Amino acid sequence: MPKPSLDWLLVLVPVSIGLELAGANELLIFVTSAGAILPLAGLIGRSTEQLALYTGPRIGGLVNATFGNVTELIIAFFLILEDKTDIVKASLTGSILGNLLLVLGLSFLAGGLKHEEQSYNARSASIHATSLVLAVTALLMPALFAQSQEAETVLQREVVSGIVAAVLIALYILALVFTLVTHEHLFRTPEEGERPEWSRNKAIGLLLASTAVVALMAEFLVGSLEPAIEDLGLSELFVGLIVIPIIGNAAEHSSAILFAMRNKVDVTLEIAIGSSTQIALFVAPALVFISLLVGHPMDFIFSTFEVAAVGLSTILVFMISSDGRSNWLEGAQLTGAYVIMAISFYFVETL
Amino acid sequence: MPKPSLDWLLVLVPVSIGLELAGANELLIFVTSAGAILPLAGLIGRSTEQLALYTGPRIGGLVNATFGNVTELIIAFFLILEDKTDIVKASLTGSILGNLLLVLGLSFLAGGLKHEEQSYNARSASIHATSLVLAVTALLMPALFAQSQEAETVLQREVVSGIVAAVLIALYILALVFTLVTHEHLFRTPEEGERPEWSRNKAIGLLLASTAVVALMAEFLVGSLEPAIEDLGLSELFVGLIVIPIIGNAAEHSSAILFAMRNKVDVTLEIAIGSSTQIALFVAPALVFISLLVGHPMDFIFSTFEVAAVGLSTILVFMISSDGRSNWLEGAQLTGAYVIMAISFYFVETL
Amino acid sequence: MPKPSLDWLLVLVPVSIGLELAGANELLIFVTSAGAILPLAGLIGRSTEQLALYTGPRIGGLVNATFGNVTELIIAFFLILEDKTDIVKASLTGSILGNLLLVLGLSFLAGGLKHEEQSYNARSASIHATSLVLAVTALLMPALFAQSQEAETVLQREVVSGIVAAVLIALYILALVFTLVTHEHLFRTPEEGERPEWSRNKAIGLLLASTAVVALMAEFLVGSLEPAIEDLGLSELFVGLIVIPIIGNAAEHSSAILFAMRNKVDVTLEIAIGSSTQIALFVAPALVFISLLVGHPMDFIFSTFEVAAVGLSTILVFMISSDGRSNWLEGAQLTGAYVIMAISFYFVETL
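Just so you know, the protein sequences line up as chains L, H and Z, in that order. Once you know that position 190 of the first sequence is 190 in this note's numbering, the rest is easy, because the numbers rise by one and skip nothing. Once you know that position 134 of the second sequence is 134 in this note's numbering, the rest is easy, because the numbers rise by one and skip nothing. Once you know that position 112 of the third sequence is 112 in this note's numbering, the rest is easy, because the numbers rise by one and skip nothing.
Since the hints were made in silico from the structure, they are not lab data.
No copy labels: a pair is met if it fits in one copy or bridges any two.
Below, simulated SDA-like cross-link-like pairs (lysine to any residue); rule was C-alpha separation at most 25 Å, straight line: (1) Lys114 with Ser124; (2) Lys264 with Asp323; (3) Lys264 with Asp7; (4) Lys114 with Val177.
This structure is a prediction, so every number in the text was calculated from the model and none was measured.
Based on the provided sequences and hints, a complete structural model is requested.
Encoded structure:
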């Protein structure tokens, strides 16, 4: 498996710790901790996969569903502690867009250049698309509520946010029950007799260790964020929408593209669209409750700009994936949509 | 047929008349007249069905298409006489949302818990979905017109509303011609040799009588609306969007769910989605003209909030129904979307 | 082929030249030059078709893709020289709406009245629909950018517009490569051994001549636009959205309807939807660059109204065409949507 490894970037873990202890330039700390997160997120992914081979598909699916976006969750957690809820929301939106458009787009493009046409389970794609429309509903309705009211109270915002978040988490769990329990046979992929490369204990150990180090790196990253982006001349929102999601998802991105090139587009879809629905229906709502627990409340009210971007991406992915086939043009179209969104966000200072 | 009967609620008809005559507390009148409407709307539905068995499917379809939402129409009529056009519009929106999300959702859920997967005529669902997108177009364009103009005159609003309403009614009639005349064979459901239980005259008599009593109850309901909702601490809009549609549709709701449990999802869809398109393309535009006739003009300009809710519901139903299959998860998702919308509407005071 | 010919309208070419030279009433010049464009646009279309028969399908497709909307391009060019960029944008929007709703609607209607059901290549329709969603993305994101910023600079608008336009043109070219080169076999229509009626030189000569005369007429049209619409009592935007697109597309319109009546709906779709994607992904972005070259910069930032109209039309066309079948009801529905939009635009003075 000639997979391009990012593991050499692990050297940045001690480097960034050293820089932090030495009180070095914040931009340096930002760049090195960001760089260190790339291979760590990859390690979390690989150890989750290995673990899944021991537990069987059902528990494995559950483990994936829980640990799949743990890096984003941790970064968001530290941002919430700093009351940077706008950046958290932007990074959630950016993660969804990045997965739906950039990852899926590059995967279809790379896969389509090697294979004339690739096919996959349209039904699975359709369930994810429906979940995404639910997410768009959950993003749009509270946003309209907040816009239509001149004097809605903070309490009202929190109640609306809390109930919407609870409904989304419930629907996320129900979708897991559907795909892993009651209708599991519809989604079963042919077993390939894949055997684990790591021992069970190694997988668990690496999962816990890399999660812990990611947490440390995320703290450095968030701590150096403000001075760093000032130096870089970027807006906070652009960093939230584009930069942080790429850091948190780079490992997944490369896996998704690799699977597409090996003509396993079902896995690609699971990574890209599955990750998006997970963020929209699980990570984002969970953060609403976590933020309350730690006393830095974040509501679930996104900007029109963000809702529109997620809405358009959802429609685009639905239309492209509803036939169960992909080709390079569809990849280019998704990637093009990402570029259009990125440039539109580039100059924006407030959403 | 162990159908749960609401007929015992008919006792509320004399009760509410008595309370009204006695000048009792308005909240009591509101609750009793609302309760009385539930079985009456059911009676209208049953007598329409019985009548249809005598007239054959074509005229029967027409009778259904005319009397299907007569309860909503009557309540809306009395609201218009009181110049409560905002509540009328909210109740139309709420009826569409309730049918598309709550009724269809609970039906798919109930049906899906008994049957692993249920199938239906995707083509029929698709025609309804197209009609709904037309309705969304007809809702959105005038709304944008009204928003973009700083000084549009009342006359302009009325002209736009009138023409849009006329186009919708024309398209509604054309869709009836299509499904009942020119392409009737595509929609023919297998005859089951069902024989009428009631005589023709009984059906006609009950239809007329229950319609008349509904009118009386609707008058009481509307008359007691304002003090009642003040007592209940609800906003007028919430009553329009959520409470009134549930009163007017409860009978249909229970039928739709029952048919889904009996694995007749085609009938469920006809009730739920068919009822929505009827309200959007026939009842709502008809009210524009009726309101002009009685000198209390209501325009066809809805709020962004309402248009967005109907638009999202349409997309959701289209995506879920385009494969001609349903399961419990899809039911839960539709119901979840309804809850998200209801909570977003709960605190809203003006749309 | 009893195709209704508009060629007799060519007599308006010398008439409008005479009127212009005589300094006649501007409304007369407007009407005669508009009338003269109708048969000229038809001539451009026919000579392109004839030329395509000599060059083979691949180059023919390219010629069509380039000359298909040359009339609109020329009219827009002269409008840009007069700094009437709002009318240009309105005419681009109107062209897309006219093709998607009015042309396709009337074609399905006319075809559906002769044939119970007509079928076509759903895949081709789906690629166009995806392109249209890309166009909607490209319209919406910059519009939201412009709305969300209080103080975006002209430079920022130009940069966003330029990059979005470049992405669209790139995607347009890639779609051509896909349909004409790498996946050409999917779109091959059965050859009918059609033989050219004109010689190659006649086709080239007529193409160049009619394009040149269209340019002259377009100049007259634009020059007389302002006084003419004042006389007619129409708003500039209505002329841009409804009148100019009908002038520029009348010839295509009649061809599309004719092909539908002859049961060649694939050609109809190619004309109607293909023309829309061409305007959205090629003509409109090209005008952004052309406008910069001639020193009258036009940005790519459309109004919410325009974006919503194009978005709704796209969804409607996607839903109607995704099954690869059409009938008269679908035609009526598309036409009805056009009427609803036209009336909503009628009273609007600024978008």
